[in-house]
Structure formats: C-alpha cells, structure tokens
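Enquirer: Build the full structure now, drawing on both the sequences and the hints.
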Amino acid sequence: MSLPDEPARLELYHVTVAYGGQLALQDVTLQVPHGAQVAVVGPNGAGKSTLFKVLVGLLPVQAGQIFIHGRPLGAHHDCVAYVPQREEVDWRFPVTVADVVMMGRYGRLGWLKRPKAYDRAIVMRSLEQLGIAELADRPIGELSGGQQRRTFLARALAQEPHILLMDEPFTGVDAATQETTMRLLEQLRDKCVTVLLSTHDLNLAATHFEQVILLNKRLIRYGSAEQVLTPETITETFGGQVFWLEIHGGGQRMATASHCCPPEPIDSTKRR
Amino acid sequence: MIIDWLITPLSYGFMQRGLIASMLVGILCAVVGCYIVLRSMAFLGDALAHGILPGVAVAYLLQINLTLGALAAGVAVALGIAFLSRQGTIKEDTAIGILFAASLSLGVLLISTIRTYAVDLTHILFGNVLGVSPADLWLMGGLVCVVLTTIILLYKEFLVISFDPVHAAALRLPANLLRHLMLVLLALTVVVSLQTVGVGLVAAMLVTPGATAYLLTRRLSEMMILAAALGAFSGIVGLYLSFYFNVASGAAVVLTATALFLLTFLLAPRKGLLWQRRRPHS
Ligand SMILES: Nc1ncnc2c1ncn2[C@@H]1O[C@H](COP(=O)(O)OP(=O)(O)OP(=O)(O)O)[C@@H](O)[C@H]1O
Ligand SMILES: [Mg+2]
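Chains as they are written, first to last, in this note's numbering: chain H, 37 to 308; chain R, 154 to 435.
Just so you know, the hints here were simulated from the structure itself, not pulled from any lab data.
C-beta: ideal position from N, C-alpha, C; glycine also.
It is possible that part of the hints are untrue.
What the hints assert, rightly or not - Ranges between beta-carbon positions, derived for each pair: (1) ARG128(H) x PHE196(R): 17 to 23 Å; (2) SER260(H) x VAL299(R): 56 to 62 Å; (3) THR303(R) x ARG161(H): 30 to 36 Å; (4) PRO267(H) x LEU232(R): 57 to 63 Å; (5) ASP173(H) x ALA255(R): 45 to 51 Å.
Expert: Next comes the structure, spelled out in structure tokens:
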C-alpha cells in the first residue's frame with residue numbers, strides 16, 4: 037500500500053521527448069509514489085507508449101530528468117519491467133515459453149551466470165500465476181495471441197521489478213486473460229510494486245486505479261481518479277463522446293457528455 | 154572391411170590433420186551459423202567470406218601469413234558493416250551489399266596484378282584441407298576455442314538480443330557492443346574455415362547444418378548442439394568421400410551437409426514436408 041508520506045520513487049522533471057523534430061511528450065513533470073498503481077490514459081497518439089519507452093531506456097529524453105529511487109535513469113539495471121503494446125520479437129525463434137520467461141531473470145543473474153534452481157522455481161511460479169504452466173515447453177510461435185501475452189506478463193513477473201510498465205494489456209485479449217491480469221495487479225499491489233498501465237478504458241481506470249495520469253502530449257492532470265477524470269478534462273482531452281464512470285471507492289456514477297461531433301464538412305468527397 | 158575402409162586414410166599424416174581440421178570447421182561454422190540462420194543473415198556470411206579477399210591478396214603481395222591477412226580484412230569488413238548500419242541510417246542488408254561488392258572488386262583487382270600462378274591463393278579460394286600444416290592446425294584450434302567459449306559464455310545475452318531487442322534494452326544490455334562482437338566472431342569463423350572449404354563454400358557451411366538442426370529442435374541450445382554434431386559429421390564423411398572418390402574436399406563436405414538437410418527437410422517430424430502432408434489425415 038502506498039503511504040501518503042512515502043517518498044516519490046519515480047520522478048520525472050520537465051521531460052520532453054521528440055521523434056525527429058516532432059514532439060511526442062512536452063514538459064512532463066510528475067512524481068509517482070512507491071507501490072502506487074497508476075492508469076495512464078489519453079487519446080491515440082497522446083504519448084503513452086512513448087512515456088513507457090523512455091522509462092525503459094528505449095528512447096532518449098530530449099530534455100528533462102528522470103529519477104528512480106532518487107538515482108538517474110540508467111543507474112539501475114533491471115528494476116523496470118516493460119510489457120509493450122506490440123511485442124516485436126521473432127516468433128519463429130526456437131525458444132520455449134519457459135525460456136522466454138527465464139529471460140526475465142537475466143538481469144538479476146548478470147553476465148556469465150547460469151540460471152539456478154531458484155530461478156527455475158520463480159519461472160515456474162510465474163507461469164502458474166498466469167495459468168500457462170502446462171504450456172512451459174511449447175515453442176513461443178505455436179501459441180495463441182492471448183497465450184503469448186500471458187507469457188510476456190509472466191516474464192515481467194519473473195523479473196521481480198520495482199516498477200512495471202504495461203502498455204495496453206487489455207486490448208485484444210479475452211475476459212479470462214483480462215481477469216488474470218487484474219488478479220496479477222492485486223498481487224503486485226501486495227508486493228508494493230509500482231505499476232503504470234496504459235488503457236483506453238476510462239471506466240476501468242476509474243474503478244481499479246487509485247491514481248490516473250491524463251496525458252495528451254502534455255500532462256493534462258495527475259491525481260486520484262476523482263480529481264482527474266472530470267467532465268471538463270475528459271471533454272478537453274477526448275472531444276465529443278459520452279462516458280459513464282464509476283469512481284474508485286466512491287461508487288457514484290458520473291456522466292460526462294460533451295458537444296456533439298464537430299460539424300461535418302458538406303463536401304462529400306472528403307468522406308471515407 | 155569397414156574398419157579397414159575407415160582406418161586406411163588415417164595412416165597418412167595429412168589425412169589425420171585434414172580430418173581434425175574439417176571436423177573443427179564443421180562444428181564452428183554450425184554453431185555460429187545458428188545465429189546466421191535465425192537472424193536471416195545468410196548473405197552476411199557470404200559477404201564476409203568475399204570481403205576477406207583483398208586482405209588475402211595484400212598479404213600475398215607482402216608475403217606475410219595469409220591467415221593473418223584474412224583475419225585483419227574480415228574484422229575490418231565486419232566492423233565496417235556495423236559502422237554503416239549503426240542507428241539504422243542504412244539497413245544492414247544494404248551496408249553488407251555495398252561492402253561486399255567493394256571488397257570483392259578490390260580483391261579481384263589485387264589478385265589480377267599477381268601474374269604468377271599462385272597456388273596458395275587458389276587454396277584460399279577453393280580450400281585445401283589436405284594441405285593443413287600442424288602450425289595451421291594449432292592456429293585453427295586456438296581460434297575455434299576462442300569463438301566457441303565466447304558463444305557459450307554469452308549465450309544468454311546473444312539469445313536476448315537476437316530474440317527480443319526491446320527486452321535487451323530494458324535489461325540495459327550493450328546491444329551495439331554485442332552485435333559488433335557477433336560480427337567479429339563471424340569474421341573469425343569465416344577465416345578459420347577458408348582453408349577447409351574456401352571462400353565460395355563458407356556460406357554453405359554456416360547455413361546448412363543450422364537450417365537442418367532448426368527443423369529438428371525447439372530450443373536454441375539444442376539447435377546449436379545438434380548443428381555442431383551435423384557439422385562435424387559432414388566434415389568427416391565429406392573428407393572420406395573426397396579421399397576415396399578423389400573429389401574436391403570442400404565440395405564433398407558441403408554436399409554431405411546438403412544431403413542431410415534434404416533428408417531432414419523431407420522426413421523431419423512436425424516441420425518436415427512429408428509430415429505436413431500427412432497431418433490432415435491422421
Ligand atoms: N517511431 C516513431 N517515429 C516517429 N513518430 C512516432 C514514433 N512512434 C510514435 N510516434 C509519434 O509520437 C506520438 C505519440 O505516440 P505514442 O505511440 O506514444 O502514442 P500512444 O499514446 O501510445 O497512442 P496509442 O493509444 O495509439 O497507443 C504520435 O503522434 C506518433 O505519431
Ligand atoms: Mg501506445
């Protein structure tokens with residue numbers, strides 16, 4: 037559980053990130069306390085994936101600073117685990133599910149060391165937690181999409197991270213995998229693992245996460261679901277849509293409606 | 154009878170050395186080749202082999218050890234490819250193509266200035282495993298040890314950067330350093346192999362046993378061990394064939410490996426052609 041007086045363990049100060057000349061994140065400053073579970077929401081192209089990539093070291097920051105446990109990003113070797121939106125692995129590579137999950141241990145093992153019985157036990161436990169223990173010896177390429185996702189979640193778990201970044205884990209998975217992921221989040225909460233999870237499901241963000249980051253290139257707002265997901269901020273960020281939200285803890289429902297769609301141009305050739 | 158058939162060649166010193174050399178090369182190429190097969194870099198092996206030509210030619214003209222010349226050129230080409238394709242400004246494929254063509258031309262140009270018939274040089278081009286001297290064998294053995302030890306020690310790291318570069322970055326592995334190291338290991342492998350199979354056939358030795366093993370295994374470590382066994386087997390069988398039928402040794406080794414591949418391609422469980430044909434009915 038995150039205590040109010042716990043020091044911030046993930047800190048971003050004026051972080052700006054650009055692809056080529058184009059800004060994807062602009063002047064983002066926020067501090068996430070140790071063990072918090074934070075939903076990252078924002079429209080397509082808001083920079084959610086970009087934020088995660090920066091935190092894991094895949095993209096350089098153009099300006100600003102990032103600290104984890106008070107030390108600059110990069111001083112730690114494997115305390116950040118990352119489950120990308122789209123895995124870019126070679127699916128025909130000869131590795132089994134257990135091999136992939138074992139890769140989560142590589143950071144802890146360090147150079148030249150081989151996995152021990154202890155590591156294998158952790159791999160087995162992670163597989164069981166995600167309900168794919170019986171797939172352990174199957175080649176990774178011969179699994180279904182949802183099973184593959186569970187494999188990579190299991191790997192993140194085996195990494196025993198302090199900070200877990202999950203990029204849209206609920207997109208394109210069935211109810212069972214979604215359920216497993218939610219259970220996983222509860223276990224991680226008990227272990228005081230900080231979780232940042234991006235999602236397009238505002239309802240889920242409001243009901244299951246104590247904190248929400250609303251992002252649209254800039255940080256629109258960061259705080260409790262109640263503070264962040266107000267009709268004004270949602271309208272401002274997402275434009276004309278209607279949402280029904282059930283706020284975390286509170287249970288009251290909130291309707292946010294906004295002006296209807298922007299007026300269509302009469303020119304019908306522009307329609308698709 | 155069969156024992157005689159197997160033992161007779163061993164009474165010749167050059168055959169003993171040749172067998173050891175071709176077995177070493179078979180193992181080394183097969184193990185390193187697994188990464189070539191998995192990362193679809195068959196082109197790279199061939200490019201490195203040809204990229205070595207100018208180094209060999211220069212060494213010949215300067216009358217220094219040809220293997221040393223090959224070594225220097227191989228490492229230079231490997232690092233050149235790494236340099237051109239770093240940060241993805243040019244795709245690796247393109248960088249390889251450019252350097253490959255340039256070194257090959259330079260090699261041909263230099264060799265064309267050598268007027269006299271150069272026996273040593275044809276050995277580099279086509280391989281001459283039966284001409285391996287004890288000193289050559291020691292050098293080979295040393296290089297094989299270095300390359301294989303590196304691959305075993307860095308197994309985890311090479312596995313991650315090949316399979317999942319994003320996770321490698323999350324683990325903060327020095328991806329570029331590892332990638333360059335792999336290229337250098339490949340260059341060393343190619344140089345070691347030149348004497349056995351020659352420039353033209355190195356690529357085949359790199360790719361064929363690995364491809365065969367890929368069809369039969371489901372884990373990288375198993376694939377490497379099986380490929381090494383297949384490579385060693387092809388090396389030995391090919392050399393016996395060349396001894397008894399008096400054919401070029403490099404070609405005999407490569408064709409043995411190819412025969413094993415074709416057999417596997419047809420008959421392998423799960424991935425083989427016949428198996429896949431049969432499966433719907435069973
Ligand atoms: N590799 C890239 N090169 C150039 N621009 C990029 C690249 N990746 C993302 N962008 C741009 O950066 C911006 C932020 O992208 P990002 O992937 O972070 O958005 P996102 O919030 O994850 O969106 P989504 O909800 O669609 O996943 C977008 O405008 C996108 O076009
Ligand atoms: Mg995204």
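Enquirer: Taking the hints in turn, state whether each one holds.
Expert: Evaluated hints:
{"no.": "1", "hint": "ARG128(H) x PHE196(R): 17 to 23 Å", "in the structure": "18 Å, holds"}
{"no.": "2", "hint": "SER260(H) x VAL299(R): 56 to 62 Å", "in the structure": "59 Å, holds"}
{"no.": "3", "hint": "THR303(R) x ARG161(H): 30 to 36 Å", "in the structure": "33 Å, holds"}
{"no.": "4", "hint": "PRO267(H) x LEU232(R): 57 to 63 Å", "in the structure": "59 Å, holds"}
{"no.": "5", "hint": "ASP173(H) x ALA255(R): 45 to 51 Å", "in the structure": "47 Å, holds"}
When each numbered hint is compared with the structure, no violation occurs for any of them.
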